[in-house]
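Trainee: Here is what each chain is made of, one letter per residue.
There are 2 protein chains.
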Amino acid sequence: MYQSIHRLYHHHCLSKIFQPVNLKPKDSNVKKDEPMSLSQKLLVETGIISLRSNGMFALLPLGQRILKKLMMIIDEEMISVGAQRLTLPLLTSADLWKITGRWNSTGQELLSLQDRHNREYVLSPTHEEAITSLLRDVYPLSFRQLPLKLYQITSKFRDEMKPRFGLIRCREFVMKDLYTFDESEAKAIETYSEICNAYDNIFQRIGVPYIKVAGDCGNIGGSFSHEYHYQAAIGEDTLLVCHGCQEATNIQLLSDSVNAVCSKCGSDMATITGIEVGHTFLLGTKYSEPLGGCYQNKRGKPEAAHMGCYGVGLTRVMAAVVEVLTTSDNIIWPWEIAPFKVCIIGPKEGSLEAGVTRWVNHLAKVLSSLPGYEDDIVVDDRHRLTIGKRVLEARRTGYPYIVVVGKKAQEDVPMFELIHTMTDESCYLSHHMLITHMRGAA
Amino acid sequence: MYQSIHRLYHHHCLSKIFQPVNLKPKDSNVKKDEPMSLSQKLLVETGIISLRSNGMFALLPLGQRILKKLMMIIDEEMISVGAQRLTLPLLTSADLWKITGRWNSTGQELLSLQDRHNREYVLSPTHEEAITSLLRDVYPLSFRQLPLKLYQITSKFRDEMKPRFGLIRCREFVMKDLYTFDESEAKAIETYSEICNAYDNIFQRIGVPYIKVAGDCGNIGGSFSHEYHYQAAIGEDTLLVCHGCQEATNIQLLSDSVNAVCSKCGSDMATITGIEVGHTFLLGTKYSEPLGGCYQNKRGKPEAAHMGCYGVGLTRVMAAVVEVLTTSDNIIWPWEIAPFKVCIIGPKEGSLEAGVTRWVNHLAKVLSSLPGYEDDIVVDDRHRLTIGKRVLEARRTGYPYIVVVGKKAQEDVPMFELIHTMTDESCYLSHHMLITHMRGAA
Numbered sequence: 011m012y013q014s015i016h017r018l019y020h021h022h023c024l025s026k027i028f029q030p031v032n033l034k035p036k037d038s039n040v041k042k043d044e045p046m047s048l049s050q051k052l053l054v055e056t057g058i059i060s061l062r063s064n065g066m067f068a069l070l071p072l073g074q075r076i077l078k079k080l081m082m083i084i085d086e087e088m089i090s091v092g093a094q095r096l097t098l099p100l101l102t103s104a105d106l107w108k109i110t111g112r113w114n115s116t117g118q119e120l121l122s123l124q125d126r127h128n129r130e131y132v133l134s135p136t137h138e139e140a141i142t143s144l145l146r147d148v149y150p151l152s153f154r155q156l157p158l159k160l161y162q163i164t165s166k167f168r169d170e171m172k173p174r175f176g177l178i179r180c181r182e183f184v185m186k187d188l189y190t191f192d193e194s195e196a197k198a199i200e201t202y203s204e205i206c207n208a209y210d211n212i213f214q215r216i217g218v219p220y221i222k223v224a225g226d227c228g229n230i231g232g233s234f235s236h237e238y239h240y241q242a243a244i245g246e247d248t249l250l251v252c253h254g255c256q257e258a259t260n261i262q263l264l265s266d267s268v269n270a271v272c273s274k275c276g277s278d279m280a281t282i283t284g285i286e287v288g289h290t291f292l293l294g295t296k297y298s299e300p301l302g303g304c305y306q307n308k309r310g311k312p313e314a315a316h317m318g319c320y321g322v323g324l325t326r327v328m329a330a331v332v333e334v335l336t337t338s339d340n341i342i343w344p345w346e347i348a349p350f351k352v353c354i355i356g357p358k359e360g361s362l363e364a365g366v367t368r369w370v371n372h373l374a375k376v377l378s379s380l381p382g383y384e385d386d387i388v389v390d391d392r393h394r395l396t397i398g399k400r401v402l403e404a405r406r407t408g409y410p411y412i413v414v415v416g417k418k419a420q421e422d423v424p425m426f427e428l429i430h431t432m433t434d435e436s437c438y439l440s441h442h443m444l445i446t447h448m449r450g451a452a
Numbered sequence: 011m012y013q014s015i016h017r018l019y020h021h022h023c024l025s026k027i028f029q030p031v032n033l034k035p036k037d038s039n040v041k042k043d044e045p046m047s048l049s050q051k052l053l054v055e056t057g058i059i060s061l062r063s064n065g066m067f068a069l070l071p072l073g074q075r076i077l078k079k080l081m082m083i084i085d086e087e088m089i090s091v092g093a094q095r096l097t098l099p100l101l102t103s104a105d106l107w108k109i110t111g112r113w114n115s116t117g118q119e120l121l122s123l124q125d126r127h128n129r130e131y132v133l134s135p136t137h138e139e140a141i142t143s144l145l146r147d148v149y150p151l152s153f154r155q156l157p158l159k160l161y162q163i164t165s166k167f168r169d170e171m172k173p174r175f176g177l178i179r180c181r182e183f184v185m186k187d188l189y190t191f192d193e194s195e196a197k198a199i200e201t202y203s204e205i206c207n208a209y210d211n212i213f214q215r216i217g218v219p220y221i222k223v224a225g226d227c228g229n230i231g232g233s234f235s236h237e238y239h240y241q242a243a244i245g246e247d248t249l250l251v252c253h254g255c256q257e258a259t260n261i262q263l264l265s266d267s268v269n270a271v272c273s274k275c276g277s278d279m280a281t282i283t284g285i286e287v288g289h290t291f292l293l294g295t296k297y298s299e300p301l302g303g304c305y306q307n308k309r310g311k312p313e314a315a316h317m318g319c320y321g322v323g324l325t326r327v328m329a330a331v332v333e334v335l336t337t338s339d340n341i342i343w344p345w346e347i348a349p350f351k352v353c354i355i356g357p358k359e360g361s362l363e364a365g366v367t368r369w370v371n372h373l374a375k376v377l378s379s380l381p382g383y384e385d386d387i388v389v390d391d392r393h394r395l396t397i398g399k400r401v402l403e404a405r406r407t408g409y410p411y412i413v414v415v416g417k418k419a420q421e422d423v424p425m426f427e428l429i430h431t432m433t434d435e436s437c438y439l440s441h442h443m444l445i446t447h448m449r450g451a452a
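Just so you know, the protein sequences line up as chains A and B, in that order.
For our numbering, count along the first sequence from 1 and bump the result up by 10.
For our numbering, count along the second sequence from 1 and bump the result up by 10.
Okay, chain A solo, but in the shape it has when bound:
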């Protein structure tokens, strides 16, 4: 039978990558006086994303790579808790949203359209109605198949009044949404805490410090929820975090008179701002009852499932990690989602050290063969540019490591400069030391 003969383990050449750099957002929909976040500015200027319409971005090839890595982390953690991936249509019949009342309660943020027969559809911001009606339609699903955990990673839509900060608050975005179905509230709470563990794994793997807080249920509804935040100055949520026990709450949950002392341990509470990147909800039967989302119980009877729903905003994470880690005009990517882990830069064409160019391909080949780097090495082969110019661009794009093959590669024991962009440290290493170091970093 036909076998895949393609192995993707090779290095990439920057000259071939579509990364239109140093662009200012040109879209006329962006007003000149609108606040722009650091992530928005840097992701656009480094050619990772591109504004296409007001609040809508294209993920360019580097952005697509980051998205793919986030998806992989999420897929693995979802599979590890037994969740199954599917794809629901992006269009959901408005009839379902009318049954739950969200057709009216969501307001102008809901994008909708009519088809040629004047039937109304929602351009779904979330899929509680859609997934619950799926459960209804496949009845009888036995109690033996519970807990059922179904998720998707798809584009979602929200007609923000004021889209801003680039991928932080846009109108079309990529979200992972998971829905769980259980027999009882007690079992739904068990599932809920299992998923929260998976969320901790996801955010730990992304590798950027996060804060989990008791959350606001908002328009989704349900009995309780938690939010996952990245602390950032531009964050739109205000959180109260205890200095002592790390207990944290979204301030929206509290009454007007905010108590600045932790109820749990008595320590002082600090007010910080956060970007919400994940949200978990225990929904109860809010959706399954009106929509008839039932499983077949032990007595063979239909019974409304106890649901949970759980979101991670992938495109928002992409921008929020930049807000957290980046302090200058150089992006800092967390290791696990960097578009490439290593950028190798050789001498300029016609320069005195041009003879060492052969080291570039050699290093690219050796590094690509190390576990953890298979598809993650890029060579900036634009040899008409100086080393300095290319190092600047590589720093700006935020590759965790930059390897420079320059003058010192001509020495008897060739030495290569290794730059660690997160700590802004650099040193010269021999071939052997370089490989050993990179193996240790993986």
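Hints were generated in silico from the structure; no laboratory data involved.
Where hints are given, some of them may not hold.
[Said to hold, decoys possible] Each pair of labels, with its calculated beta carbon distance range:
1. A:78 to B:417: 14 to 22 Å
2. B:221 to A:302: 53 to 61 Å
3. B:171 to A:234: 41 to 49 Å
4. A:234 to B:371: 18 to 26 Å
5. A:420 to B:195: 43 to 51 Å
Where a beta carbon is used, it is the ideal one built from N, C-alpha and C, also for glycine.
Please arrange chain B on chain A, whose structure you already have, making use of the hints.
Mentor: Quick look at chain B alone, frame taken from chain A:
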């Protein structure tokens, strides 16, 4: 740094898979007298897809697995011709479609909406306008970076007057769309033929016989095009194929008086019906001129790029391969995109041969460790059902191989039944012979 500790190489358990079987399409939008295709019936009844609204389907977990495998084939073949993946917004500003005239010419198939500020957007069926305006906005892109090949795999929308045959003609579907940009018509033709080679690779890897025909440019426009078809009775395109030289044409290209003799070799031509699953177009400057999609030429001046566009309908392929290969009520999947390659079935609980159940997990473990089967083994662990019932279901779902651990596994040299569903052959093999056979099949 945090390391991925999750390996996905383990077997799956059918009891945990959300596969609601034996369902009839219930959606009230499906009229009782509407023609239903075999693929539509079987994909729904085996719980691979589910009709959600008129012409809109959910891909359930097995369908999602098939989609993922198709994506992998396409990603590999696209990368091998240097194409880069990105994601454009699904919503495209109607202004762009007005510039090219397609806002009016597309007619009622175009789904569109207005946002809260009454700005119009297209729910994109295809992205020529969007990608060309991207090229315009990133100017100056140097001639050195051409040919530029950008693709995406995303949901597309078409408000079909009569959605039918399930995934064959639906209103929301998954498509790979590639766009290429070249300096001249001559170079664009070179790129075109390179992409056609990649398409041949894609369809050869999928493994179902296909027909490449000179095509109709339709509403996309351009100077010439080719179509990739699967021959099937329900196909909506009529093709004229030469018995001698295999030259083929879409009948839409011909004048009224169809010549039944091949112009190339003089042989008789046969009329067949095909399902279009891929389409390639040489566009010229049809989009780049009105939209200003220019690169910077050798003299530093803007010049309209010569474009090509190339589509593969992934969800349509899923259904069309079923139409081609399936002759009974049992789906036949091509090897490379089967939801699982092997289904292992053990004895019923409490049956005389229940003692051999230990072989089930053993075989699952050994087979999962063979190259090519890492994530592709499923165990039907619903041991309350008879072997016979589960074999029937496995045949119906279309796993290429079924391994039955039954009575003969009790013998001194345990024997396992191996069923090859495509040829409907079966035989009893020892442990060693079974593993050797499966290694050979990969």
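Trainee: Would you mind marking each hint as holding or not holding in the structure?
Mentor: We went through each hint and held it up to the structure:
Checked against the given bound of 14 to 22 Å, the beta carbons of residue 78 of chain A and residue 417 of chain B, roughly 47 Å apart, lie outside it. Under the hint 53 to 61 Å, the C-beta atoms of residue 221 of chain B and residue 302 of chain A, about 46 Å apart, miss the expected range. For residue 171 of chain B paired with residue 234 of chain A, a C-beta distance near 47 Å keeps the hint of 41 to 49 Å intact. Distance hint for residue 234 of chain A and residue 371 of chain B: a CB-CB separation of about 39 Å, inconsistent with the stated range 18 to 26 Å.
One distance hint, 43 to 51 Å for the beta-carbon pair residue 420 of chain A and residue 195 of chain B, holds here, with the actual separation near 46 Å.
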